[in-house]
Structures are given as C-alpha cells and as structure tokens.
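Number of protein chains: 4
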Amino acid sequence: MYFASDNWAGAHPAIAARLVEEAAGFAAPYGVSDLDKQVEARFSEVFERDVSVFFVATGTAANSLALASVGRPGGVIFCHSEAHVTADECGAPEFLTSGNRLHTVPGANGRMNPKALEAAIARFPSQAVHQGRATAVTLTQSTEVGTVYSLEEIAAISAIAKAHDLPLHMDGARFANALVRLGVTPAEMTWKRGVDMLSFGGTKNGCWCAEAIVFFNRDLAADMAFLRKRSAQLFSKTRFISAQLDAYLKDDLWLSMAKNANAMAERLAAGLGSLNSARLAWAAEANEVFAILPEERAAAAEAAGARFYRWEVPRETPDLLDDGETLIRLVTSFASTKDDVDAFLAICSG
Amino acid sequence: MYFASDNWAGAHPAIAARLVEEAAGFAAPYGVSDLDKQVEARFSEVFERDVSVFFVATGTAANSLALASVGRPGGVIFCHSEAHVTADECGAPEFLTSGNRLHTVPGANGRMNPKALEAAIARFPSQAVHQGRATAVTLTQSTEVGTVYSLEEIAAISAIAKAHDLPLHMDGARFANALVRLGVTPAEMTWKRGVDMLSFGGTKNGCWCAEAIVFFNRDLAADMAFLRKRSAQLFSKTRFISAQLDAYLKDDLWLSMAKNANAMAERLAAGLGSLNSARLAWAAEANEVFAILPEERAAAAEAAGARFYRWEVPRETPDLLDDGETLIRLVTSFASTKDDVDAFLAICSG
Amino acid sequence: MYFASDNWAGAHPAIAARLVEEAAGFAAPYGVSDLDKQVEARFSEVFERDVSVFFVATGTAANSLALASVGRPGGVIFCHSEAHVTADECGAPEFLTSGNRLHTVPGANGRMNPKALEAAIARFPSQAVHQGRATAVTLTQSTEVGTVYSLEEIAAISAIAKAHDLPLHMDGARFANALVRLGVTPAEMTWKRGVDMLSFGGTKNGCWCAEAIVFFNRDLAADMAFLRKRSAQLFSKTRFISAQLDAYLKDDLWLSMAKNANAMAERLAAGLGSLNSARLAWAAEANEVFAILPEERAAAAEAAGARFYRWEVPRETPDLLDDGETLIRLVTSFASTKDDVDAFLAICSG
Amino acid sequence: MYFASDNWAGAHPAIAARLVEEAAGFAAPYGVSDLDKQVEARFSEVFERDVSVFFVATGTAANSLALASVGRPGGVIFCHSEAHVTADECGAPEFLTSGNRLHTVPGANGRMNPKALEAAIARFPSQAVHQGRATAVTLTQSTEVGTVYSLEEIAAISAIAKAHDLPLHMDGARFANALVRLGVTPAEMTWKRGVDMLSFGGTKNGCWCAEAIVFFNRDLAADMAFLRKRSAQLFSKTRFISAQLDAYLKDDLWLSMAKNANAMAERLAAGLGSLNSARLAWAAEANEVFAILPEERAAAAEAAGARFYRWEVPRETPDLLDDGETLIRLVTSFASTKDDVDAFLAICSG
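Keeping their order, the protein sequence lines are chains Y, V, A and Z.
Count the first sequence with my numbering and you get residues 1 to 350, in order.
Count the second sequence with my numbering and you get residues 1001 to 1350, in order.
Count the third sequence with my numbering and you get residues 2001 to 2350, in order.
Count the fourth sequence with my numbering and you get residues 3001 to 3350, in order.
Calculated directly from the structure, the hints in this document are not laboratory data.
Where a beta carbon is used, it is the ideal one built from N, C-alpha and C, also for glycine.
Among the hints, erroneous ones may be present.
Residues of chain Y clear of chain V, computed beta-carbon distances all greater than 12 Å [as the list claims (entries may be wrong)]: (1) A187; (2) S256; (3) L321; (4) R329.
Sample of chain A residues at the chain V side, in silico, Cβ under 7 Å [stated by the list, open to error]: (5) G2074; (6) V2129; (7) R2230.
All chains should be built: construct the whole structure from the sequences, respecting the hints.
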C-alpha cells in the first residue's frame, strides 16, 4: 500500500533491461553518441515536430533551467499558487535564474484562473523597472493536486501568455498521466496549444532518472547547452538516460504505465467515494487522489502499513475539513496494483 | 581502441546487475531509504570515520557544491592551473558559489607547487576587501594529467591550507586510480592528510552515474542539504545511485576496476616508451597516458579507429614538442583490455 | 504642489553646506577617514548601543544586503504583501541573496498581521528541504502605506521572529517619520524591541544620498564588508556620505525635517478629511496620505500642476472605491510647505 | 603630500557649488528630470554620437554591469592580468554577471599584448561547452600602472575582439587622464577605435561620486535599466549625479583637472628620474608614477607625512628590485600642487 508518491516505485523491468543492454561497449559521452541522437530524433517523432531536447538530473532542474533559458534581469514568472516550482523546489528556480521571481496566481483545483493570470501580468507594465518585468508563464500538467487542464484551458492560458509575448512552459513531471487522461497526442497537448517548452518527466512514471527539457520553440534553446553545463547538469554517460527513454517511448510503454497509474487512482477514488467514512476532496483526474477521512481512519491505515501524506488544506478552500477530519494525498504509479488499492479501501471502509 | 576518456565505457556488469535487483519494489525517495542509509554507513566504514555523504548528478556538481559549502562573498579558491574546476566546468564553480573566483597556482605535472600556493594565498590578506579573500584550496587526485600526489605532497598542501584556516577539498573524479597507485587506504589519502571534503567519483570507474560529496569535517556540511536541493541536484529515486555504489564498494570491486585501468595505462606507457616513434610527455601514474607522437602516426592511429584526444601543450612546458609532433592523451578504464592496448601499440610502432 | 514622492525634494541647505565644507582637502577613502569614524560613532550614540554601520548607495541596497547578511541557501524571508522589498525593488533582494525568496504575509494597513506571520513561518519546518527554510523577517517602519507600527506591534513581530530564531530587519526608508510620530527614541523603536538590523534611510528625508545598514546584532555583520564590496556598493569617497549624515544627525536636524513632513501630511489629511469631495483611505500616520477623490477632482488637481501618484487598490480592501473614484498617494517631505498644502486643498475642495 | 590615490581628494569647488545650486526645488527622481536628460544629451555631444548613459554608484558597478550587459552563461571575459576588474573588485564582476569568469592576458606595462589576447581567445572555441565561451574583452585606459594605450594599440585590441564578435569594454576610471595625455577627442579614443561600452569615471577626477556606463553600441544596453535596478544601483535623486557631471563637463573642467593631475605626475616623474636615490619603474604616462626607492628613503618619506602605497612587483618583471629597494605608487589628482610635489622630491633626494 505505497501511495506516498510515484517516486517510491522503482523502474519498469523493460527499462531496467534496456539499461543493462547498454552497459557493455563504448560510446561518446556528453550527449553525442548514436543512441543519444536516436532518442532525440524519437522525441521529434513523438511530438510531430523538430524539437531540441536536453537531459537533466531532476524535474527541478528541468523546470528551473527551462525558465532560466527565458529569464531576464528583474524577471517575474507566473505560476499557480500550488505549483511545484514555488512550493517544493527550495528556491532552485530563483537561484538558477539568478533571482527571477515566481508570482503566484490563484485558481480552483490547481489550475491557474485565466482572469487572475491576466490581472497578475497587468501589474507588471513592461517598462516599470521597480516592479520587475513579466518573463514567462508556467503551468503544471497534470497539476500538483491531481487535476488536468483541458486542451481549451491550456489554450486560454497560452492566449494570455502570447498576448503579452511571454513564453509558456509546461511542467510535465506527470505529463503522461495527463496525456492518457485526455486521450490526445503529445503535440495536441503542447505546441499545438502554444506551449513553448516542456519539462518532460520520466522518473515518476517508471524510469530511474530520466528528465528532459523539450523546446518546441527551438530559438529559446540558444543558451541551453551552456546553462545546463554551468548548472552541473550535463551527465557524462548520457546514454544511461537515453537507454531508459528509448525503452520508455518504445511500443507506448510510457502510456501503458500512465494508464495503469491513472486506472488505479480511479479505482481508489471510486472506492473512497462510495464509502460513508471518506469522501474525495476534489475530482481525481490523473494519478493522485485527495481524500478526506476521519483522523482515526487515516491513523488506522498508517498503522496497517499504508504509506501516504497528510496534506495541507489549500488556502483557497479553508473550510474543506470538518472537525476530526484530515486531508490525505494518495499517489499511484505504474507499479500500483488492484490488490494494494483494494487492501487500502478495505481498511478505510473499516 | 577507445582511449578518448574513461567516460566512454559503460557500467560494470555487477553494477548493472545490482541496479536491476533494485528495480522492483518501493522505497522512500530523497535519500532516506534503508539502502541509502546502508550505503552511507558503508562510506564511513571505507573511510574509517563518520562521514557525511551527499549524492549529486555529476563530478562538476560535486566539486562546485563542495566548494559552495565553504564559499563566502568575495571568496577566492586556489587550484592548479590545469584543474578541472577551472579548465572544464564552464564556470559552474563560479556560478554555484555565487561568484567565488578560482585562482590558479602553477606546478609541474599537474600538481600544485606548495611554494607557489603559499605565495598565491599571501596575496589575499584576510581583511583586504578589494582583492577578495581566500576561502578554500582544491587539489585533484589523481591529477588531470595522469599524475598522482604522494601522501607527503598532499600533507604539504594541507599544511599550507591549515596554516591559513582554509578548508581543503580533493577532486576525486579518479580517486580510485590514485588509491591503487599509492597502495594506501582511503583514510590515509584523505582526512589523515588533512583533506576536509572529497568529490568521490564513481562514474569514470565503472558506474553509470555515481558521484558523491564526502565530508570528513562534518561541520562543513551544515548547509549542504539545502545547497544540493537549491541546485536541483537532489535525485528523487536516490536508491538508483545507492545501488550502484553498493556494488561498487562491495568486495573491492572499485579497486579491482581501477587496478585494471592503471595496469592498462602502464602497459600503454611501457609500450609507447619503448618505441622509437613515440615518447611519454611525462610519467603516467594512474590511468592516463600523455604521449608525443609524430603527427602522421597519430593520424594513422585515428584512421585505424583509435579514439583519443589531441591535447594542448601545458603552458609550463611550451617547448614540449618538436616539429611535426603532436601531444595525445590516452585514457584507460575498467573496460580496457590488453588486446586493445596491444592493437594500439602495433599501429604506433608502424 | 509636489506630492509625488519625498525623493522629489533636494537636499536641506545645512546638508548641502556641510558637504561643501568637506570638498577641500584630502582624506582616506573607503570608510576609514576620521570623519567616517566620527559619524559611525555618532550612530552608536544615537542608538545608545555599539552598532556596526555600512553606507550603501540606495535603500534597495540597504535592504537587500541586510537580508543577504543573514541569507542562506533555500532561504525564505517574510515580509508584508505591500513591502517595498517585494513590490518595488525589481528582484534585487532575490538577486543579492543569490535566490532567497520573499514570502508575503497579509495584514491591514501595511502592517504584518502577527498571526498570519506565525502561520506563514509554520509552513517552513526547519528540515524541510523541498520548501526551503525560514531565514529572516522584515518589516517597514513607517510602512509603505503611511502607517506606523506601535512599539507593541513591533515587539509582537519580534517575539515571533525570535521564537523561530529568525533575525528581524527593519526597512527604515522613512525611519525618522515613524520616530517622530511615536515620539520615542531610536533605541526604543529598534533593538529594544528586538530589531537586529536596520536600513537607515536619509535620502527621502533631506539628504542627497545617504543610506546605511545599521547592525544592532553585530555578529550578523561578519560578512558585510565583503558583501558590500562584492555588490559594488563600497563608495571610494565615503566622506561625502559621512558629511551628509554628520549634518543630518546634528542638532536633531533629521527629526526636525521629519516633523515638518509629518505635520504637512497631517495638514493634508485633516484638510482632505473635512471636504465633501474627498476622504482618507486610511489613517495617515507619517508623511504619506492616501486619499479617495472623484476622478474628475484628481484630474483637475493634475491639470493645475499638482504631482502625485494614482495608487492601486490594496488587495485586502478590494471594495475601497465607489464608481468614479480614484485612490491617490500624497507624500510630503522636509521641503513641503503650508502654502503648497493649502493650494492643493483649495483645488480639491473645488 | 597625498599621493596614496586620486580618491583621497575631495570635490572641485565648481562641482560642489553646482551641487548646492541643485539642492533647492523639486525634480523627478530615477533619472527622468530635465537636468538628467540635459546631462545625457551632453554625453552625446561630448562623444559625437548618440549614446546611452547609465549612472551607477561606483566604478566597480560600472565595470561589472557593463560586462553583465553582455554576459552569458559560461561566459569568459578577457582582461589584463593587472586589471582592476580582476585585482581589486572582490569578485563583483563574477557576482554581478552570475558567474562569468575573468581570464587574464599578459602584456608589458599594464597593456594587454594583442598576440597573447588572440591566443587566449583561441582557447575558447565557440561550441566548447566545457571550457565556457568568450563573451567580452575589457581594457583599462589609462591603465592600472599609469600607462596609456595609444590609439593604434586600442585599435589592435579592438580588431581582435571584432574578429571574434566580442564586445569591447573600456574601464575609464581614469579616462580623462588618458585623453589629455593623447590629446585626442573622446570619440577618437573610444567608438572610433571600436570600443562598445565605457565605464566613464568622474570620481577620481574631482567629483564626489559620478560614474556612468556609456554605451556606444546602444543595442547592448537593452537590459541595462533592469540590470541596474536589480543590482540596487539606481539612485533616486539622480540629479545629484547629473549636477556634478554638468559642472564636470562644462568649459572642459574635466580636462583641466586631468591636465593638472598629469602635469603633477610628470613633475614627480621628472624629479624622481633625476635623483641618484630613486628611479622610475616604468614610464609615467598619466597621473600615476611608479618609482623604485631605497627602503629607508621610502620610510623617511612616510615618516615625513607623505602618503603613498608600497606596490607589489608585477609578475612579469620579477627582477625589478635590487636588495633594499621598494616599489611605490604615487597618484596625483586635480588637487595636487607643485608645492606638494616639490616637498616630496626634497625628501627623496635626501
């Protein structure tokens, strides 16, 4: 009953096997081996467009360096108030952009409200040196609270960004989960809706360590090779990332894994929703379920070995809980099983 | 005949196998799993002292963050003029220390000259705000030119650093190669000679990606957890690093691999030294051989498929080459074989 | 009718004269002349405690470097949501602290609400590497909206900061205006209430350019000399700052100037408060008056040559204005006169 | 006998008077007052070209921000090994460029050797991510050792910079001294020889505090307004800088002051050169004289109240001194007098 996070899971056997396959032999380091180039080309196929791809060590690096690639002195980046970049990255975006600021934008269920975004940007007229200047917008898909932007919602955010000449970044730490939820193509969920840069996450979805920055607008990547090296993010044996991604993208393994994660989350959500002793805090649209339980029920689940996090009540819904209740987050992954889900539900149903 | 660099090799089978073994199951992320803790404890055993260990993505990160942990505004770090930190890291140390400066110190064969170090430090009296202030000394073991500091030489550098209250860092990207060369213990080559922090490199010696910062002086690690996270260097699935290092340190695998690399370098050096058509630029003491060849011989080797780098003549020995000669660097690894070495020698002997 | 800001005024004649007096002769640069030392000693007298004083070029520099002196990797600084550091300094605090973050805290009338501060700090448990860690609290006295913290209110903020081991900084760009409002001593308004560092502003109150960082907790100043130089803030001819401050602090000139500014603000406030055509947005407690006027009245005042800023409605009071109304800010200074005030009131009264 | 530095002098009476004249009245802050604009226009006249001008607090700020305006991730800046940016600015250029590196170039008498510059740049091929990439060249005119580049020498440096697409910056902390030495126009010594950006220094030549960054290539100034504000270098009462520069540039006051400084240096040099007990270390071409004295003579001068610095022997001329000799630096200014010079010579002649 491991629902603490999708990064508690290990690696899919096919990915581990592909890695072993690459263990022998010699190859050029620093991203120029044949395999590296094949995987880069594969990204262009997957996204139906010539893209520039840069592997980095962590999702935080992907987000921070993507934003740094469009950073400017006095820059201000707009994100949701629950966004990972502002809530969970220890100031890495600020540090790696040499001091750009994250300006939070409210919005229900983890999605930026377009009007609130418009109003926020309006506070930074382009020549106002004192306030700083707008430099980028970033959204997370699927969001930090397990919801998913529809294509129309992405387009609405994108339209605002474009109207202000701001590049649009997508934090795709759980990109595949959103993709299979919407049942659309990678292109449709990104550049066809105006996304310029993507943090493409593989780690949470069955890789050991595979994060990439994908530039749809390749002009924005002009400095990235130096930004990455200067940030100590250029792996020498890059083929160990490439090998993972090769297996990840092969035969839609990545989508299969995301489908399992989402299905298990749906099963969890359906089960919890049908109990008297629990309810969903909001809709679970990807692989994260936020549920409200009586405190003693949550404690019982923990005592039985279930792993999950107590979650802070979002500022926008301060009255979410009744007395004696607690908010918990449950995350599923490629490795989650029906048995685990059902065992958890059994405990919660008491 | 892959002698371009030790990072052209892949992973040792035992390391790849250990990684696969960890693929299944669930474990806490961010460095707190049982395996992570076991490997940390293993480091304390290996170094015969309680140490603090931090995994990072690259050797550049290990060096830069170790130096950042002792960095100060206006700080000046002393290193050899050929040091990797100043020659090959794209300003990452400067960036990740928020602007500390690397001050180069000369010395024959890649080793800092102690008198030159003393003189360099003396240029920075502690209250002289204009020049900046001395903050650290870093040496590379084995060095960038394939030589090795003796224990006495390390102690001499260390004594100067200590006399000025400067922490001493060792860049150990090729730590194991130096260790087996000297035939001493890890403790003898580090903290027993006054080293405070070590970049412990596993990647060049048979891992996929395994770099760690080891603090012998644990007080210096006070900020490291935040420094690492802020630099986007905190892996989520840390057990994939731990698993590699578990296998690496088990049954002295790391030393065996370094012994093979050094032996192959020795074979190369001995072979080249006995030829009329080649000579060694200086002694090969670890797993790198710098040789001087007639240009046509080097070109012939390349044409035959040998991979190596032409190398810039060190500034301290401008007259190293005669007309028509070229300086090349040959690097061996755990995966180098006698057959490869002998094939290369055969080409060079014409 | 210059009410746009107190930095539209020039220098008090006594300050200009003192500067001229110092024009001749020679003196040691970089803060070590006799005059520099006398003025530093004068600060210790004024604050009834041995303090460390560092001159810098701007209030933004004073704030940013004070915060940098206590900055840490992943650091989070707590300030009011209208604070100058977050609203008007173009990311200088983030940049000069190498990426620390400003976390805003709400509170009525420009003053941080202590409960909200407590709640904000609680979101950053000390070992939580992902969120970053609390490093400092900063308050502005007098505030950005022309109000003043009482001594008790400062003590309440200070108690919270101390309970979390956080240094407390005061942005005193308009320090003198608050002091004369409260009628207390500099010591009572600062270190006797737990303030550790002060940005002491002279520029807005009759100097050309005189800003100082004052450390009551001198331990926090350990790195400041290097921080200042590294930020290119160390003037060579420091006596031109010292001379200004020498005159500023002599015979309570600074307090006289602040008294005039406050009295003129009070006159403005009283006058506007008595009109049918205007009302105060909130109490004017120092030298800034925020008033609500019919739009046509504001436009008429501008047409008549009055200079002031239209002000954004604070987020905490979204319903401040009725239709057709506008919020304006009026700032007075040492150079404001009754004639100017009365002329402005005459226009507003129609 | 104040020869320690030109920043020991105060302000010229005409500059002090002009400042007082501006003390009264009100003016828009942050560089947009009428006077600010007039002075900016005056710069365009002086340089015979439309230039962009940015006032900053210190010469270090001018240098660092000029270099930051063309800085890039992994950037490398080429300067002479004695350059102020590398020797005396406490890492401010590295910090304010977010980690760009200064690469020193040798050359006799404080002037970069063009061949050495060419060779240094060649070490950084544009796509070599490991080494970093060349981003700018900076030279100091007059140099740190009191010499002056001829127009031809500036053109030679500029040609190399242009051949590599590198912007050329001139550190003109002692710009006027070089100008009057060469007897050329400001345009001839800057953009007509390929200089793109100038740190225009007024402080050492009779101002209190007046430093400006002048962009001849105005495209390079695109980010400067934000760079300056983010670095806390935007004065509010900018007219106090403008007023100084207004007087400085009026009726060639700046050139008159530099002529006096140079003449006094020449008198010092001629006098010392004619003594048996002293000799010049190298030619004095501007307002700095480097002389070699018997140690006891230097001590006697100090005992008699003369102020000057003992100077470190340049690395390029290690054998400059005989036993018992010392190298001293003497700097003259607008305020130096024949009497002072002659009094000093009298002491030295014994």
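Going by Cβ atoms only, is A/G2074 closer than 7 Å to chain V? holds, 4 Å
Was Y/S256 rightly flagged as not at the interface, with every chain V Cβ beyond 12 Å? Non-interface label stands for Y/S256: nearest chain V Cβ at 17 Å, farther than 12 Å.
Does Y/A187 clear chain V by more than 12 Å, comparing its Cβ with all Cβ atoms of that chain? Y/A187 is indeed farther than 12 Å from all Cβ atoms of chain V, at 28 Å.
Verify that the Cβ of Y/R329 lies farther than 12 Å from every Cβ atom of chain V, and report whether the claim holds or is violated. holds, 15 Å
Hold the hint about A/V2129 up to the distance rule: shortest CB distance to chain V must be less than 7 Å. holds, 5 Å
Have a go at the A/R2230 hint: is there a Cβ in chain V nearer than 7 Å to its own Cβ? OK, holds: A/R2230 within 7 Å of chain V, min 5 Å.
Assertion that Y/L321 lies outside the chain V interface [Cβ separation over 12 Å]: holds, 27 Å
Checked against the numbered hints above, the structure violates none of them.
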